[in-house]
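2 protein chains.
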Amino acid sequence: MSKDIVKPATLPGFLELLPQDQILFNEIKDVIRKTYENYGFVPIETPLIERSEILLAKGGGETEKQIYRFTKGDTDMALRFDLTVPLARYVAQHFSELNFPFRRYHIGKVYRGEKSQRGRFREFYQCDVDIIGNGRLSVIYDAEIVSIIYSTFKNLGFGNFTIRINNRKILNGFFGSLNIEDTTEVLRAVDKLEKIGEKGVISELSKLGLSNDTSHEILKFVKIKGTNEEKLASLKALNLTSAMFKEGIEELEKVTEYAEAFGVPPANYSIDLTIARGLDYYTGTVYETFLDDYPEIGSVCSGGRYENLAEYYTTQKLPGVGVSIGLTRLFYQLKEAGLLKEDSPITFTKVLVIPMEEKFNLNAIKVANTLRANGIVSEIHFEDVKISKKLSYANNLKIPYVIFIGEEETENNKVSLKDMKSGVQKLLELEEAVKIIQEQLAQNS
Amino acid sequence: MSKDIVKPATLPGFLELLPQDQILFNEIKDVIRKTYENYGFVPIETPLIERSEILLAKGGGETEKQIYRFTKGDTDMALRFDLTVPLARYVAQHFSELNFPFRRYHIGKVYRGEKSQRGRFREFYQCDVDIIGNGRLSVIYDAEIVSIIYSTFKNLGFGNFTIRINNRKILNGFFGSLNIEDTTEVLRAVDKLEKIGEKGVISELSKLGLSNDTSHEILKFVKIKGTNEEKLASLKALNLTSAMFKEGIEELEKVTEYAEAFGVPPANYSIDLTIARGLDYYTGTVYETFLDDYPEIGSVCSGGRYENLAEYYTTQKLPGVGVSIGLTRLFYQLKEAGLLKEDSPITFTKVLVIPMEEKFNLNAIKVANTLRANGIVSEIHFEDVKISKKLSYANNLKIPYVIFIGEEETENNKVSLKDMKSGVQKLLELEEAVKIIQEQLAQNS
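Residue numbers (the numbering used here), protein chains in the order written: chain A, 1 to 445; chain B, 1001 to 1445.
If you are wondering where the hints come from, they were derived from the structure by calculation, not from laboratory data. Ideal placement from N, C-alpha and C gives every residue a C-beta, glycine not left out. Do not rely on the hints blindly, as some may be mistaken.
Unchecked claim - Listed next, the in silico DSS-like pairs over lysine-lysine satisfying Cα-Cα at most 27 Å (straight line):
hint	chain 1	residue 1	chain 2	residue 2
1	A	K72	B	K1317
2	B	K1426	A	K389
3	A	K58	B	K1072
4	A	K7	B	K1317
5	B	K1317	A	K366
6	A	K390	B	K1254
7	B	K1029	B	K1398
As the list claims (entries may be wrong) - Just the calculated beta-carbon pair ranges, DEER-fashion:
hint	chain 1	residue 1	chain 2	residue 2	range
8	A	I436	B	V1424	47 to 53 Å
9	A	L427	B	N1374	44 to 50 Å
10	B	K1341	A	K115	43 to 49 Å
11	A	N374	B	N1374	25 to 31 Å
12	B	G1263	A	L427	21 to 27 Å
13	A	E181	B	N1374	50 to 56 Å
What the hints assert, rightly or not - Example chain B residues on the side facing chain A (calculated, C-beta under 10 Å, incomplete):
hint	residue
14	A1009
15	L1011
16	F1014
17	L1018
18	E1342
19	I1346
20	V1351
21	E1379
22	H1381
23	F1382
Sequences are here, hints too, so could you generate the full structure?
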């Protein structure tokens, strides 16, 4: 009976990894999770599918275009496109059962039907961490977030990275003083400074009807230079009367001061007046994080403070602050840049037990039982194939040890332990073999 | 500006947990993952969305009805309804880059638009573990799977559970000897023995045109009693000439014999000739696992051997064997049965640091830094609220320790450590406090 074969392929924009990369990916995910948990954040998980009216409560052009939306029965539903909207719905729904400040992390996949292109994914992991207050939330939590970003990237093995911090109140206050009421478009233009340069920004600003003088004021502002202290001093020296502007400076000062108290090295964070982020979303502190040696990767961890998380789902005022790591994109880019460990394991198995003939199977199982009981991940190759084939299986998976069980081993109640790196093979008591393997694995870890 | 509030609610059939349950759920998931990894299985992850032609290559009524299928642009896509079809596609697609026998585990969510009812979920976790051979796969791997099921449920803290084992070849061989060619419907009727009883099964069989004699032969067969050895002896004593029947007995004998060699206690597995499972899918060994004290929960881990995993996606012959745990349903049922730990943590935080006034914030941060550096998960309550409110936050989250930082503590360079269980509060050097906390946490873990 011949069948039609369906070509096995994933959809474009959906990353799928081979086991070796998956092990590494999971390792990175575990480091992020562990770091968040060490700061006292609890996990939540929300359904991937929600009612469209929940996910689209806020609306907005790009979201509506990119969302995966469908009906089943009478229900209009969609796949979540971020973890923030589900968080808002979760906190509103379970409000009375949660304790505030609510410290939650959420690591999960989100879906955006973006244009398919290299390094852009339609399914990707976000690793979110947020602190939600009930009615109010101290700005010092904004500094703790800096510390969490720092610990996460340090624990991931990065040394040179910079957390760039700004405050939307400073931006809004400043623009207010220039009588620019609708700052959204201006901020969008300023946000492009790195991409399109000064001239580009001025040209965009003039299109918005701003005078040359005003545009230069804006550029002067966003180009304030120096240490964090110098930048704060320059901002104060502008002597603007805007209350919002002053509040922003005060907050930014606190965040940078407290970030230091949290033990974040000054080299790893700096005030950057050019970052604005998610234009209609954030209301105070905003963060972006860059790998100093790979600025082209863009921000690897971003977020900020928002005044009212769940306004579409509850009348409770729920301010919050948090950041997100786009893990799928980060992983892909680290791999492209050759920054992932090259010697990452292909399997967790440390010992492949090879029975030389079928009649030694039972003995091989006993040996594997003992290895596993001693915490050594082991597997047995039961296939009736040539020993050379079993050895190349071990080689391909870079399994560090092979144990042979044959005539001689069984008669003498011993095992033959082969170190696959050195090629050295020894006839040993099983206990000796266990000891050698444990010692060498401990040395290499 | 007043807004319309969208009622925050999840869709029916989608389980969402509060943090305390989520922590427990993740703990269980971690135990399963760790057990699979200890047997040398590697993780894979596949997209939740695949082309409909991939997911529906096999077709079949229930699947087509229940699947979440939709289009985006010109693409006809759907959400995966199990992890086996994606595994088949994965192995076919990446065949040349994988090493066989390919030992993979996959823990992920799947989607089935089932009728909504208590304890049935439309989104649920499956925890799959499979061994895939290239062209062939020794039946001894079928015994290893028994050992993996055993280790998993033992590691999860279950004592009384039984892995029921059968072999489809025995069933098919036996029915062949009764000249029943289309065994599908007969197996389906036999499969209901526990549910509808003997009379029910006989009535169903007579509807299929079977004589009373034949029906009684079938019932006699499925009711063979005794130890595993006795059951095997009774099967052999039937003296059937069917080659398939004999092969089945041989395999079942090997699986039970080797399961013992793998260290599975005889109390935890038994031959059960009544289980058939996934009627057109499995071709050899089949497994179901029951919690002895809670049979009403049904099988908590099921699976079997299949001859040809990926026949819809490749001409390669890929036999395999594996099992799956439906974790969401299991968790829900354990909770309903009151079998989940009652004292599970609500947070990972062990110490809540409370600055008595804002001016002690910096000192509180230093203390928290030290605690975290010593591996003690800590958080700081920065809100400007009454101390009693901060204490009830600690109480609600069952955080075992509170450290106060106020005037006296700061002046004397000490901390006040309060044991929330005993209520005892002491003024201590920070190092002393760290030592006490570490020792007591180690004792309680």
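Discussion item. Which constraints among the numbered hints does this structure fail? Numbers only, ascending.
Written reply: Violated hints (numbers, rising): 1, 2, 5 and 18; every other hint is consistent with the structure.
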